[in-house]
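The task is simple: from the sequences and hints, build the whole structure.
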Amino acid sequence: MSTASTNPNDVPRKAESLLVPSALMRRRNAAEARFKAYGIAAIVISLATLAIMLFTIFSDGISAFSQATLRFPVTMDAATLDPKGNRDPADLAKVTTIGYKKVLEKALIAELTQRNVDVQGVSAKDIGSFISGDAPARLREMVLADPSLIGQTIDFSAFATGRIDGYFKGRVTMETAKLDSNISPEQLQLADRMKAAGILDVRFNPKFFTNPDASDTRPESAGLGVAIIGTLYMMALVVVLSLPLGVAAAIYLEEFAPQNRFTDLIEVNISNLAAVPSIVFGILGLAIFINFGGLPQSSSLVGALVLTLMALPTIIIATRASLRAVPPSIRTAALGVGASKVQMVFHHVLPLAMPGILTGTILSLATSLGETGPLLLIGMEAFVVNYPAGPLSGGVMDPATALPVQVYAWAARSDPAFIERASGAIIVLLAFLLVMNIVAIILRRRFERRW
Amino acid sequence: MKDLRVERDVQTETNKIEARGVQVFYGTNHAIKDVDVNILDKTVTAFIGPSGCGKSTFLRCLNRMNDTVASARVEGKILLENEDIYDPRVDPVQLRAKVGMVFQKPNPFPKSIYDNVAYGPRIHGLTRSKAELDEIVEKSLRRAALWNEVKDRLAAGGTGLSGGQQQRLCIARAIATSPEVLLMDEPCSALDPIATAQVEELIDELRTDYSVVIVTHSMQQAARVSQRTAFFHLGNLVEYGETGQIFTNPKDPRTESYISGRIG
Amino acid sequence: MSVFLLLVVIAVLALVGFVIGRQRALASAKGNVKDMHSLPVYYGWHGALMVMVPALIVLALWLVIQPLVIERQLLNYFPADVAESDAARTLAMADVRRVAEGLDIAIAQGAMTETQAEVLRTDAGSVRDRLAAVGVALGAEVTPQVLAAAQEYRNHAVIAGIGRSILTLLVALAGLIYGIRITHKDFRARNRVEQVIMALLALSSTIAILTTVGIVLSLVGESLRFFTMYPWQDFFFSLTWSPNFQGDSDLGLAPLLWGTIYISFVSIIVAAPIGLFSAIYLAEYASPRVRSVVKPAIEVIAGIPTVVFGLFALVTLGPMLRDWIAEPTGLGNSGSSVMTAGIVIGILNIPFVSSLADDVINAVPQAMRDGSYGIGATKSETIRLVVLPAALPGIVGGMLLALSRAIGETMIVTMGAGAAAKLDLNPFEAMTTITVKIVSQLTGDTEFDSPETLVAFALGMTLFVLTLGLNVIALYIVRKYREQYE
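So the sequence lines, in the order shown, correspond to chains A, B and C.
Heads up, the first sequence is in the working numbering, so the first residue is -9 and it goes up one at a time.
Heads up, the second sequence is in the working numbering, so the first residue is 11 and it goes up one at a time.
Heads up, the third sequence is in the working numbering, so the first residue is 6 and it goes up one at a time.
Hints may be right or wrong, so weigh each one.
Examples of chain C residues toward chain A, derived with CB under 10 angstroms [to be verified]:
{"no.": "1", "residue": "A137"}
{"no.": "2", "residue": "A138"}
{"no.": "3", "residue": "V139"}
{"no.": "4", "residue": "S210"}
{"no.": "5", "residue": "G308"}
{"no.": "6", "residue": "P310"}
{"no.": "7", "residue": "T321"}
To be clear, the hints were calculated from the coordinates, so they are not data collected in a lab.
Heads up, the beta-carbon is just placed ideally off N, CA and C, and yes, glycines get one too.
Quick look at the structure:
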């Protein structure tokens, strides 16, 4: 038989050496390298964006944890604070914060004079405007709580206003101050001298975690207190509501449900609910819980109900997966020794599936922790300055905000100082998420079973 | 089935592939131990041996398919026409165009029959025009004894064929790149007896153009289609020689035990 | 008796039922557990369940029905037009409840005595101020009708509270007695308890359906109300969106839908290639070590709340695109734009696309790849010509899911896309989406009887139908694909 004629292709094969790549091969290898480079580029782009995002958030937000603070002795001038001189709380209450502001202003000027700080070019009123608007209110509360302070001299520390604070954090500069009606370059120079004199310093600010929100004009005293409480209430409620309900539903569907149309309907429902946009759950919460059910707007209870409904499909799906992962041998063994099906599930399958269920629950909890859109619709973006009551006195019905909503609310404000606050709030939020994910990972590692 | 072996005489004594001191490691597992073998041109060489003896592993060394397994490490020399295919300058992709491979389970691509066969010629740039490609496809399908069955439905999906047809399609796909060596890893193990017979007949025919190396579990199959047989055991090449001699007069007692069914 | 106290009493009774049930069963078997049908603990649980289940059902029903009944009785305090209009009635009743609660609080704080609260009249000084003094803020001065209704409400509530406690406790006691009487060693307590457990489990599983029903009801109900106030033709076909408070708003869907689609399109342009190539690299090229580091790192993106992406769009990417691209090229001068929101949503969707693509690529059998390598294809040729075509349906399904997510995304567009409803082609212009308008129409002070507010429900309905449709198609495609390789 002749070889040449039966060879499927008549193009004579070049006697090419394997050791020398052909021109085509070089082109193909170049294409291969390009293709691989696209893959690396895609990964680098995604990770770089993530890194840039986290970096900007952290560099913007880390300064939210510190605050320019003024410290000076304040003499509680009895003539201003207690004009009637009888220390009667009812009369003391009639002195408004304006009176206290005067006291603080005077005290600060006195301190500057005493320390020989040059205040040239800055009026007394402008010196007074160094002090945050929340300081007089705080001082007033102190006095009302303890009228004996009147006439004494106490060491008082007050936040500097947002602009001064921004100057030490680089947000406000001499150039921007020239264009800013709220601050002047002279004030900034004075701030530098005050810092040198030790009256003013930038220090860690625990109030950022505890203060409630504050108005547009005093970003320096805005804090996350209400948001953190609201978030904790909601998370606790979500766990209490969604874990039993989700696990029960999953057990029924996975272990007991008969194969019929109704079960199919439930399954289709669950998988579709998992893909419904979160904002639609907000609409549901608004229409059903608030308008129809009459539950209070902005309350953590309604927030938790909405988040529970959102978390349930994920929890059900995760629970079913962990139940399915328990091998049939355990089930047959349990049934074989005469356990009923309910006993088999609750005594054997469920305990073995528990780590997986908890991991799934924590992860879906982490997702609901960051949800924002639906909470906006049920009014949680409201400006809330009162702390909700304790959990036993119905605090879940009180207006509250949540961490992600607070981020949104602050980001929407015009003063750039609030962007710093928003980024700071994100850092706190991410810290929460990190903790939850670490717990989930530990659970998974610790209890991971290989059947 | 008549014994084809006696009708054929080995046409050539030219060495196509020479393996020298080949060792293969999978991680710490020493899978192939110091194998020397010469594979002849225009000959069907069968690798036989019990499961896990290393015959498939060794086959996959011959076109460097083991490169795709991250933990595999190959030592020693394998010369294809006096060029070491493990030389760092060698591109395994270019090598595999010369040393084609057919797998245990038919694995046609989820494309049309035509595109399955045209795949190789296209990527290797073997044709300059559609007409040439059509010609290669037809010739390869004819060569794989599949043309008459599929010529009217070349645009149909390759996965819609029967198992035996799929395997012949895979053979057509492999020979469309006009390789010099064709490696077959248990090509009939997933096929029924009739399809097996067709593929075996095809293998015998392919010998006129190619050096064919076939791994098989079935000693009957080795006896039917091959001229040369190599017996592997526990990663060692125990015995290698004319098929007739291996089956009728094995020199090594291990070969004898295997042939007579005592190990395996 | 408060509801909380009532629950405590029920719990105590249940505990009693548990203990007695268990002991009675043991006693009837003379302490011989082997002689009993079920384990002792089941008799206990049976006793407890017989107390709890009926009592709790009655309590829950009462709590739902009571306000409806009371409100019906209070309607005669209000003029007929208030009583007939849903919205006005709801508002009036909310006022009544608020005032009634205020009076409760005032009494609790000692600012008022019970009798003072009952005889309080609006002409004896401002009720609003008196309530404000105890921390209850009211939006407007209390009208005489509302005050009278509130006082009546409190009376009714007291009576209802007594009725509620008595009925619930009676039911609980009846359950307890029944449970104890039926308990005997041959009684199949385990089966009964398991039936109850099973019923509870089955009940829980309907929560998914209830949620869907809730979504559909709230969307459909309010949308229908919207369409009675605003013609549906104008909503679906008008090309302008300009709500105002004079009552002649244009509420056309088109500009919002366009913004939504445009932004989602940009996001897919970003997410699809990056996600797909990351998945390809991780599945086909990366060593196990690289994969074990990079894959979770990319998934971190998915774990970051969307509001963080929103802030990134608002503060970083938006101004960057504006200063570096839009302004130099004269394409626009807004930080919020289709590009900003689209790119950021795209980034958010990278891990989603990537992990879905990773799944479908890994589902392509290795034999397919071997076949390709075996005849001398390079890795990229194998991926491009064999793996991707084989995985195509799965990848398309994944893209549709990503699209659906982009359409439903809220925070990023709210913070990064802008609020201007426009039909424009320039991607550096600010545009707006369905979700943005849902948020803006439903936040702040809203009146639930104006088309400007209710339109949000029609928008929500559109969004729901749109995303649901995409999901159903996508899941169908993905499932078909999975079946192919099973």
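*Could you check the structure against the hints above and give me the numbers of any it violates, in ascending order?*
Going through the list in order, the structure violates hints 1, 2, 3 and respects the others.
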